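Visitor: If you read the protein sequences in the order shown, they are chains A and B.
Residue numbering for the first sequence follows full-length UniProt numbering, beginning at 1 and increasing consecutively.
Residue numbering for the second sequence follows full-length UniProt numbering, beginning at 1 and increasing consecutively.
Rather than coming from a laboratory, the hints here were simulated on the basis of the structure.
All values reported here derive from a predicted model rather than from experimental measurement.
Worth double-checking, as some hints may not be accurate.
For lysine-lysine, the following DSS-like pairs were computed, each having C-alpha atoms within a straight-line distance of at most 30 Å [unchecked claim]:
(1) B:K263 with B:K33
(2) B:K299 with B:K263
(3) B:K345 with B:K326
(4) B:K117 with A:K109
(5) A:K109 with B:K219
(6) B:K79 with A:K109
(7) A:K200 with B:K108
(8) B:K219 with B:K111
(9) B:K326 with A:K109
(10) B:K263 with B:K185
(11) A:K200 with B:K219
(12) B:K263 with A:K109
(13) A:K109 with B:K345
(14) A:K103 with B:K219
(15) B:K326 with B:K263
(16) A:K109 with B:K126
(17) B:K11 with B:K33
(18) B:K345 with A:K49
(19) B:K83 with B:K33
(20) A:K109 with B:K83
(21) A:K49 with B:K185
(22) A:K109 with B:K68
(23) B:K263 with B:K240
(24) A:K103 with B:K68
(25) B:K192 with B:K219
(26) B:K116 with A:K109
(27) A:K197 with A:K103
(28) B:K299 with A:K109
(29) A:K103 with B:K79
(30) B:K33 with A:K109
(31) A:K109 with B:K108
(32) A:K109 with B:K185
(33) B:K120 with B:K185
(34) B:K74 with A:K103
Chain B regions said to be covered by chain A (calculated; three or more residues, Cβ under 8 Å) [what the hints assert, rightly or not]:
(35) 75-82
(36) 91-97
(37) 227-240
Every residue, glycine too, gets a C-beta built ideally from N, C-alpha and C.
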Amino acid sequence: MLDFLNEYGSQLIFKTWEQFYTSALALFFGIAVAVPLGVLLTRAPRTAKIVIGIAGMLQTVPSLALLALMIPLFGIGKLPAIVALFIYSLLPILRNTYIGMEKVDPQLKDSVKGMGMTNLQSIRHVEIPIAMPVIMAGIRLSAVYVISWATLASYIGGGGLGDLIFNGLNLFQPDLIIGGTIPVAIMAIVVDFSLGKLEKTLTPINQRT
Amino acid sequence: MAKEEPLLILKDVSKIYKGGNAAISNINLTINKGDFICLIGTSGSGKTTTMRTLNRMIEPTSGEIIYKGQNIHKIDPVKLRKKIGYVIQNIGLIPHMNIYENVTIVPKLLKWPENKKQAKARELIKLVELPENFLERYPAELSGGQQQRIGVIRALAADQDLILMDEPFGALDPITREGLQELVKSLQEDLKKTIVFVTHDMDEALKLATNIVVMDEGKIVQAASPQELLRHPANEFVRKLIGEERMLQARADVTTAAQIMLKDPVSITLGRSLRSAIQLMRERRVDTLLVTDDEDHLKGYIDLESLALDSSNRRATSVSDILNTKIFRITTTTLIRNSADRILKQGLKYVPVVDQNNKLCGIVTRSALVDMVYDIIWGEKNDTAAPTSPALKQGGAQDA
Ligand SMILES: Nc1ncnc2c1ncn2[C@@H]1O[C@H](COP(=O)(O)OP(=O)(O)OP(=O)(O)O)[C@@H](O)[C@H]1O
Ligand SMILES: [Mg+2]
C-alpha cells in the first residue's frame, strides 16, 4: 500500500485532478446548455418531445463508440473527451429541468402572470425555485455518470485515472486497477454529496423535503 | 351628480377558439366604478373567459374593451395586469416566498422602496385581522382560509382599484367563506374597489353583487341588480338558476302587507246591534267580522262562536258586548316575510292590516299568500303584487 503510494502517489494526484476537471468542465457546459434549454422547452411543448427524444438517443450510443466518434471531429486529447462527456451529461439535466418546470402548478403560473410578471420573471422567481430539487437531482445524476465515464476518456488521450486503470489492465497489475478505481468512486461520492449540500442551499426553504 | 365615465366597457366582445367554438359571443357590459359585478352561470358558460379578457389573459377574437377610456388592446398587458388585482380559486400563493414577499409581489415589480412595501404589508395584514408576525410565515403554515385572505389582500397591495376574482372561495368551508365574503364586500363598500367576481353560487352572488350578470352558452342572458333579478327573471333559465325557493323567499322579502292586502274588509262598528252583525255575516258569507270604532280604528273582532254562545242567554245586545279584543294585526308596511309564517302556521284565514294610527286598511288573506306563491312559481305576469322598480339596463348602473 505504502509502496504503491510512494511509487504512484504524485501521478495519482495528478490523474485525479485531470479526471476531476475534465468532468467538471463537461458538467459545467452540460448545465449551461441543458438547464436553459429545458426551461425553454416548457414554452414549446411540441418541440420538447423531439428534443428530449434526440437527447435520449444520444444517450444510448455506447460510451466507447461516442468517444471514438469524436476523433474524426476533434482529434484526440482532452477536447473530444470533454465534448463526449458533455453530450452524456445533457439528457438527465435536460429531462429533469423539463419535468421539474412542467410540474409547477399551472394555476400558480397563471396567477403570477395575471399579477403582471413577465415570462422571465415568472421563470426566475417562481418556476425555477420550485423546480430546483428536480433540476438538482438531474445534475447530480449527470455528475456521477460523467465522473465515472471520464475514466474512458483515457482511450482517446483524454488522460485521467483511466490511464492508471488501463495500464493496470494491460500490465496485469491489479494494484494499479484498484488504485485508479478507488479515487473515481470517492470523487463520485464526494461530488454527489457536495451537490446535495448545494441543492439544500439553493432550494427554497419551503420546497425542502 | 355628474355622470362618471364607466370604468370598463365591453363592446361586442367575442372569443372564438379553433374549430369555431365560441367561448363567449358579443358580450356587452358596462362596469362602473364601485360596482360589484358577479358573473354567474352554468359550467362552461364563459364566465372565466369574460373575466380574463379584462386583464388580457385572454385576447378577444373581436370586439373591444375600454378601460378608463382607453382601449386595453393598446395597453401593455404586463402594465395593465399590475393595475388590476387578480385572485383565483387555487389562491396561487408562491410556496417558497413568505407572506410578506407574497403580498408585495406587485409592489416589488413596480420597484417600490422597501419601507413603502413594509408599511403596505402591515396595513393589509391588519385589514384581514391577522397578526403581523404572519408576514414571516410561509403559505404552507397558514390554513386555507388564511391563505385566501392573503390572496385577497395581495390583489390590493399596489392600490389596484379593479379586482378580478374567479371563484375565489369555491374551495372553502361555509363559515370561512362567509368571513371572506364580508371581507370582499367591505373592500367594495368601504374602500370603493370595483370587483368582478365569478361564482356559480347564487346565494353568494345575491349577497355580494350590485349587478349580477347571468351567462349561458357564452352569452349574457340577463344583467340586473339582485332585487331586479329576483323580481323579474328574464326567462326560464334565470328562474331555474335562482331557484323557486329563493324567489319565493325573496319575493316575500320585499313584499309588504299593503301590496297584497284586500281593501274594504267586512267590518262593523262597535255600536251596532248583534242582529245587524248577523245579518252582515249572512250577506257577506263570513264567520268573523272585524270591529272598528267610528273613526275606523281597529278594536277587535266578533265571530260566529261567541254569537252562538250568547244565543242561549241573549244578554248581549250590541257588538261591543261580545267583542274579542285579542287580535293579531299587521301594519301596511309589515313585510310579508315576517308574517307569512304566522299566518300559514296558525291557520289564520286572514290578518287585518292597519296603518300607523291603527286604522283598518284591509286584510291579508291566506289565499292572497297562496296567490303570491303561485305567481312566483309559475311566473304569472299579471300580478299586482310585485312591486315595481325602474328596470335596469343590461350592464347599466344600479338605480341609486
Ligand atoms: N383554451 C381553450 N380552447 C378551446 N376552448 C376553450 C378554451 N378555454 C375555454 N374554452 C371553452 O370556452 C367555454 C367557456 O369556458 P369558461 O372557462 O369561460 O367557462 P366558465 O363559465 O368559467 O365555466 P366554469 O364554471 O366551469 O369555470 C367552454 O365551453 C370551454 O370549453
Ligand atoms: Mg371558470
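Visitor: So, for every hint listed, does it hold in this structure?
Guide: These are the hints, each one checked on the structure:
1. B:K263 with B:K33: 44 Å, violated
2. B:K299 with B:K263: Judged against 30 Å, a Cα distance of about 18 Å means the pair holds.
3. B:K345 with B:K326: Judged against 30 Å, a Cα distance of about 18 Å means the pair holds.
4. B:K117 with A:K109: Holds - the C-alpha atoms of K109 (chain A) and K117 (chain B) are around 23 Å apart, at most 30 Å.
5. A:K109 with B:K219: 28 Å, holds
6. B:K79 with A:K109: Measuring from Cα to Cα gives roughly 17 Å; hence the hint holds.
7. A:K200 with B:K108: 26 Å, holds
8. B:K219 with B:K111: 40 Å, violated
9. B:K326 with A:K109: Outside the cut-off at roughly 69 Å; violated.
10. B:K263 with B:K185: 41 Å, violated
11. A:K200 with B:K219: Given pair K200 (chain A), K219 (chain B) is violated - Cα atoms ~52 Å apart, limit 30 Å.
12. B:K263 with A:K109: 65 Å, violated
13. A:K109 with B:K345: 56 Å, violated
14. A:K103 with B:K219: Since the Cα atoms of K103 (chain A) and K219 (chain B) sit roughly 34 Å apart, the hinted pair is violated (cutoff 30 Å).
15. B:K326 with B:K263: 22 Å, holds
16. A:K109 with B:K126: 28 Å, holds
17. B:K11 with B:K33: Measuring from Cα to Cα gives roughly 17 Å; hence the hint holds.
18. B:K345 with A:K49: Not satisfied, since the Cα-Cα distance of roughly 70 Å exceeds 30 Å.
19. B:K83 with B:K33: 14 Å, holds
20. A:K109 with B:K83: Holds, at about 18 Å.
21. A:K49 with B:K185: 47 Å, violated
22. A:K109 with B:K68: Distance of about 27 Å is within 30 Å: holds.
23. B:K263 with B:K240: 34 Å, violated
24. A:K103 with B:K68: Violated: K103 (chain A) and K68 (chain B) sit about 38 Å apart, past 30 Å.
25. B:K192 with B:K219: 28 Å, holds
26. B:K116 with A:K109: Between K116 (chain B) and K109 (chain A) the Cα gap is close to 26 Å, so the pair holds against 30 Å.
27. A:K197 with A:K103: 23 Å, holds
28. B:K299 with A:K109: Violated, at about 72 Å.
29. A:K103 with B:K79: With a Cα-Cα distance of about 28 Å, the restraint between K103 (chain A) and K79 (chain B) holds, given a limit of 30 Å.
30. B:K33 with A:K109: 29 Å, holds
31. A:K109 with B:K108: Holds - the C-alpha atoms of K108 (chain B) and K109 (chain A) are around 17 Å apart, at most 30 Å.
32. A:K109 with B:K185: 27 Å, holds
33. B:K120 with B:K185: 20 Å, holds
34. B:K74 with A:K103: Not OK: K74 (chain B) and K103 (chain A) at ~34 Å, beyond 30 Å, violated.
35. 75-82: Holds: 5 residues of the stretch 75-82 of chain B have a Cβ under 8 Å from chain A.
36. 91-97: Three-residue rule met by the stretch 91-97 of chain B, so holds; n is 6.
37. 227-240: violated (count 0)
Checked against the numbered hints given earlier, this structure breaks hints 1, 8, 9, 10, 11, 12, 13, 14, 18, 21, 23, 24, 28, 34, 37; the rest are met.
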